[in-house]
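Chain by chain, the residues:
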Amino acid sequence: MFQPQPTPFASACFASTPYAFPSPPQPVSNPPQPSRATALSYGLLGQRLDLGFHIPPSGGPAHSSIAGTTAGAAPGLGATGIGAAPGVPSRGLAYSSPQPLSHSRPPPHQQQQQRQHIVSQRHQPPVLIKMEDSDPHGIAAQQAAAKDYQPNLEGPLVGEKTTTSIITQEYEKADASFVEKTYNLPQTFQHYRPIQGDGNCGWRAIGFSYYEKLIEIGNRSQVESELARLRGLNQMLPSAGYQYWEDFADEALTLLQDVADNIGNPSIAHQLIFQRWNDDGATQSIIYYFRMLAGMFLKMHAATYDPFIADAGGIPGYCSSTVDIPNKEIEHLGITALVDILLKPINVVLEILYLDRSPGPHATKYRFPEEANEQDESQFGAIIYLLFRPTHYDILYRAPPLPVEVPQHPVSIQVHRVNTYDNGGGIMSTQTDLGAFATGDFSMLSMLPGFGPPSGPVMPLASPLASPPTDPLGEPFSPASQSQPPWAQQYCDDLTTPSPQSTTQQPPVVAPAPPSLPKSSTPLSPLTTATAGVTRPAIMAAPTSLVPPSPECTIRFSPMQLEYDGSKGSYPEPTFQVTTSTFKNSVWNRAHFGNPDFHPEEWSPDDENVDGRMGSRKKSK
Amino acid sequence: MSTKRISKEYAELSQTPPEGYTIALPPSESLHTWHITLRPPPATPFHPGVFGILMTLPTDYPFKPPVIKFVTRTYHPNITNDSLGNVCLAILKPENWKPSTKIAAVLEAVRNLMIEPQPDDPLEERVAEEYRNERAEWEKKVKYHVEKYAMEPPVFPAGP
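Line by line, the protein sequences are chains A and B. Counting in numbering that gives the first Met the number 0, the first sequence runs from 0 upward without gaps. Counting in numbering that gives the first Met the number 0, the second sequence runs from 0 upward without gaps.
Here chain A stands alone, though its shape is the one from the complex (with noise of 0.2 Å):
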């Protein structure tokens, strides 16, 4: 039960000291920095390391300890770990050619370098550094390899709608942080679409997004605002340097205008962007005159993008070594610029989940517009969602969402449950103590009939189970139990600030509310003892603040309040020595908290049996 005293303090050093500095030998079994590392270089920026050389993250503490226990194993490896992709054989984990898992699993830390390096095999042939060469893995070797790499390319160039388990299965023997992710990936996405990683596949995902999103919104219209959107941008390629634009222009345009026309039969629209994005001419069209629109947004906004090219050339330089060549892989800019130039205007937002080594069970997400990200879904026309796996992108599809149920009366329920603790008013702060639960128990007690506080048992009952010796109610109470009853403490503030709380309660509260409060609280003077100030005026001030009704409270939370009429004093309920109601409501009525001998109600069992009438009466609520 015991628990040091919260204060600020003590909090922010108990806190900082385990986590704010992590202990140097961490475990080899979870290496979060580097992969995170890996995670931004590769996944955030979407950039891809062409000659699949891996620079490490200079000296972080966690990095330092994997290396070290790598060295003792593998000498050499920890550096670099260039060394380790060459030679093994892919495995045929991050990517779809089902290269023969023959060899043995290879130990953790060995894996580890391979996961990380996975991309640099994918752009290698497998194992075809040649011996003779002095350093066989060196920048020039893999530079040769590299270039004459032609990637095993399998498949259509657009798939057809897969499960995404497979990706799952793909992965099952991946590193951890794989596996989980891609065995949470089918519980968002239930599909995917696979796409050729011909280095086009980023373009061609987002391109193909965007025919398959106009469908989907199924608007012709829009569609054809778009065609004549496209065609306006389309006079202003050649002064971003597009001599020839005319052909990719129209194979993009006229699929277009097929898919307006086709906007009616969803399923022939769609068999027709499948088709159309098969085709090798159409698909390659299509594709640069998306890498053109990019270009050209970039060249237009030059000065904003400018900055962040590092090279000399700048945002033209950039274009025509990555935007404007075949088959080179959409770049971080690249996206921003297709995504401001094609999916903005029909407010279609994409998003990437990043399926890297990063810590964490799901994939990390990022959208674009950079500003979407912060923006709630229901803002979008549609999301397009793509699943990045280093250097490679697929379209990831969501399951139609399931109706958001929506709970019936959940308002009054809370109300309920709350005001039974609000009665207790200044031990809000510690009723998770087994004190204030008695008290506060024991003041819904004196609202049953036969328990009403004065008189009954109840009292001795409560006092020692909620005056424990070392009781932390004593240190709020302590200051209002010593000026005034505390109980009238309480009756002001209800009466200045009515609550919502304070007006349910009414109904149950006003006929059998406690007439000897006043000689109640008379023990409650300041000689009373500690154990005394604690309890009893908790007890004691939860009744009493609920005797004045607030009539301008309009709330109704319980079916009792609509008979309520609070500024009349139409209250039903049937009273002691009350015969008519018009006495009952007047201020002679000793119960009218108008009287000045006001007195409360008091309900005795006998006078159910006495007054037929009123028994009745109860019955039928």
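Don't read these hints as lab results, they were simulated from the structure. Take these hints with a grain of salt, some might be off.
[Claimed, not checked] Straight-line Cα separation of at most 30 Å, DSBU-like style, residue types lysine-lysine; simulated pairs:
| id | chain 1 | residue 1 | chain 2 | residue 2 |
| --- | --- | --- | --- | --- |
| 1 | B | Lys-63 | B | Lys-7 |
| 2 | B | Lys-3 | A | Lys-327 |
| 3 | B | Lys-101 | B | Lys-68 |
| 4 | B | Lys-101 | A | Lys-327 |
| 5 | A | Lys-327 | B | Lys-147 |
| 6 | B | Lys-142 | A | Lys-327 |
[As the list claims (entries may be wrong)] Between beta-carbon pairs, the in silico distance windows are:
| id | chain 1 | residue 1 | chain 2 | residue 2 | range |
| --- | --- | --- | --- | --- | --- |
| 7 | B | Ile-114 | A | Thr-253 | 36 to 46 Å |
| 8 | B | Ile-90 | A | Thr-253 | 21 to 31 Å |
| 9 | B | Asp-59 | A | Pro-368 | 25 to 35 Å |
| 10 | B | Ala-89 | A | Asp-260 | 42 to 52 Å |
| 11 | A | Gly-280 | B | Asp-119 | 13 to 23 Å |
| 12 | A | Pro-368 | B | Pro-93 | 29 to 39 Å |
| 13 | A | Asp-260 | B | Asp-119 | 48 to 58 Å |
[Unchecked claim] Non-contacting residues of chain A with respect to chain B, defined by C-beta distances greater than 12 Å in every case (computed):
| id | residue |
| --- | --- |
| 14 | Glu-153 |
| 15 | Gln-256 |
| 16 | Asp-279 |
| 17 | Gly-280 |
| 18 | Ile-286 |
| 19 | His-361 |
| 20 | Thr-579 |
| 21 | Asn-588 |
| 22 | Phe-592 |
| 23 | His-598 |
Because the structure is a prediction, the values reported are computed rather than measured. Glycine included, C-beta positions come from ideal geometry on N, C-alpha and C.
Guided by the hints, dock chain B onto chain A, whose structure is given.
Chain B only, in chain A's frame:
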């Protein structure tokens, strides 16, 4: 795709050929091979010569660059001085080729290469060295080559 584009560009170029060029299609061959003759401007040492250029457009043109070879032997830092006549032109390298580049622009680049060789990116190291350091000697050899090889109308190889 490629045929459509090539015929379009051919029509354009044969109507208004770039300065110094004449363009013809070899008889009974596909659009993918062009016979081009270039007469360099008088300001260059190549001047009176007539240079034959064979241009081959790959089937996946324009997504792959055209291939250009000089059928006339040329003493030039960026053109191999042999029967192959390979040309080193930056915009035609696979990693630089842009499908939006027109053939007219390629021909223009070739002509500029004749006017102003690029000795820093040479195919013939020895010629480049000579061009840089002994310009007069280089010009003398160019004229010798022109007289020897480039005075007759170029003979294009038959067939691909």
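Evaluation of the provided hints:
With a CA separation close to 17 Å, the supplied pair Lys-63 (chain B) and Lys-7 (chain B) stays within the 30 Å bound. Simply put, Lys-3 (chain B) and Lys-327 (chain A) have alpha-carbon atoms about 24 Å apart, close enough for the 30 Å limit, and the pair holds. Only pairs whose Cα atoms come within 30 Å are accepted, and Lys-101 (chain B) paired with Lys-68 (chain B) is accepted, the gap being roughly 18 Å. For a cut-off of 30 Å, the pair hint linking Lys-101 (chain B) to Lys-327 (chain A) stands: about 20 Å separates their Cα positions.
As the CA atoms of Lys-327 (chain A) and Lys-147 (chain B) are separated by approximately 44 Å, the hinted pair breaks the 30 Å bound. At roughly 43 Å between alpha-carbon atoms, Lys-142 (chain B) and Lys-327 (chain A) are farther apart than 30 Å, so this suggested pair is violated. At about 41 Å, the beta-carbon gap between Ile-114 (chain B) and Thr-253 (chain A) stays in the expected band of 36 to 46 Å. About 29 Å separates the C-beta atoms of Ile-90 (chain B) and Thr-253 (chain A), a value consistent with the hinted range of 21 to 31 Å.
Our hint of 25 to 35 Å for Asp-59 (chain B) and Pro-368 (chain A) holds, since their Cβ atoms are close to 34 Å apart. Our hint of 42 to 52 Å for Ala-89 (chain B) and Asp-260 (chain A) holds, since their Cβ atoms are close to 43 Å apart. The hinted window of 13 to 23 Å between Gly-280 (chain A) and Asp-119 (chain B) is violated, with their beta carbons roughly 38 Å apart. Separated by about 33 Å at the C-beta atoms, Pro-368 (chain A) and Pro-93 (chain B) satisfy the suggested range of 29 to 39 Å.
A beta carbon spacing of about 54 Å between Asp-260 (chain A) and Asp-119 (chain B) agrees with the range 48 to 58 Å that was offered as a hint. Look at Glu-153 (chain A): its CB is around 19 Å from the nearest CB on chain B, clear of 12 Å, so calling it non-interface holds up. Residue placement check: Gln-256 (chain A) keeps its beta carbon more than 12 Å from all beta carbons of chain B (closest about 18 Å). Taking the minimum C-beta to C-beta distance to chain B, about 8 Å, the non-interface status of Asp-279 (chain A) is violated against the 12 Å cut.
For Gly-280 (chain A), the non-interface assignment is contradicted: its Cβ lies about 4 Å from the closest Cβ of chain B, within the 12 Å cut-off. Consistency note on Ile-286 (chain A): stated as away from chain B, yet its beta-carbon is not over 12 Å from all of that chain's, at 9 Å minimum. Distance check for His-361 (chain A) against chain B: the nearest CB is about 37 Å away, which clears 12 Å, and the non-interface claim stands. With a least beta-carbon separation of about 97 Å from chain B, Thr-579 (chain A) lies farther than 12 Å from that chain, consistent with its non-interface assignment.
Every beta carbon of chain B lies more than 12 Å from that of Asn-588 (chain A), the smallest distance being close to 95 Å; the non-interface claim holds. Against chain B, the non-interface label of Phe-592 (chain A) holds: every CB pair exceeds 12 Å, the least being about 87 Å. Chain B leaves His-598 (chain A) outside its interface by the beta-carbon criterion, the shortest separation being 96 Å against a cut-off of 12 Å.
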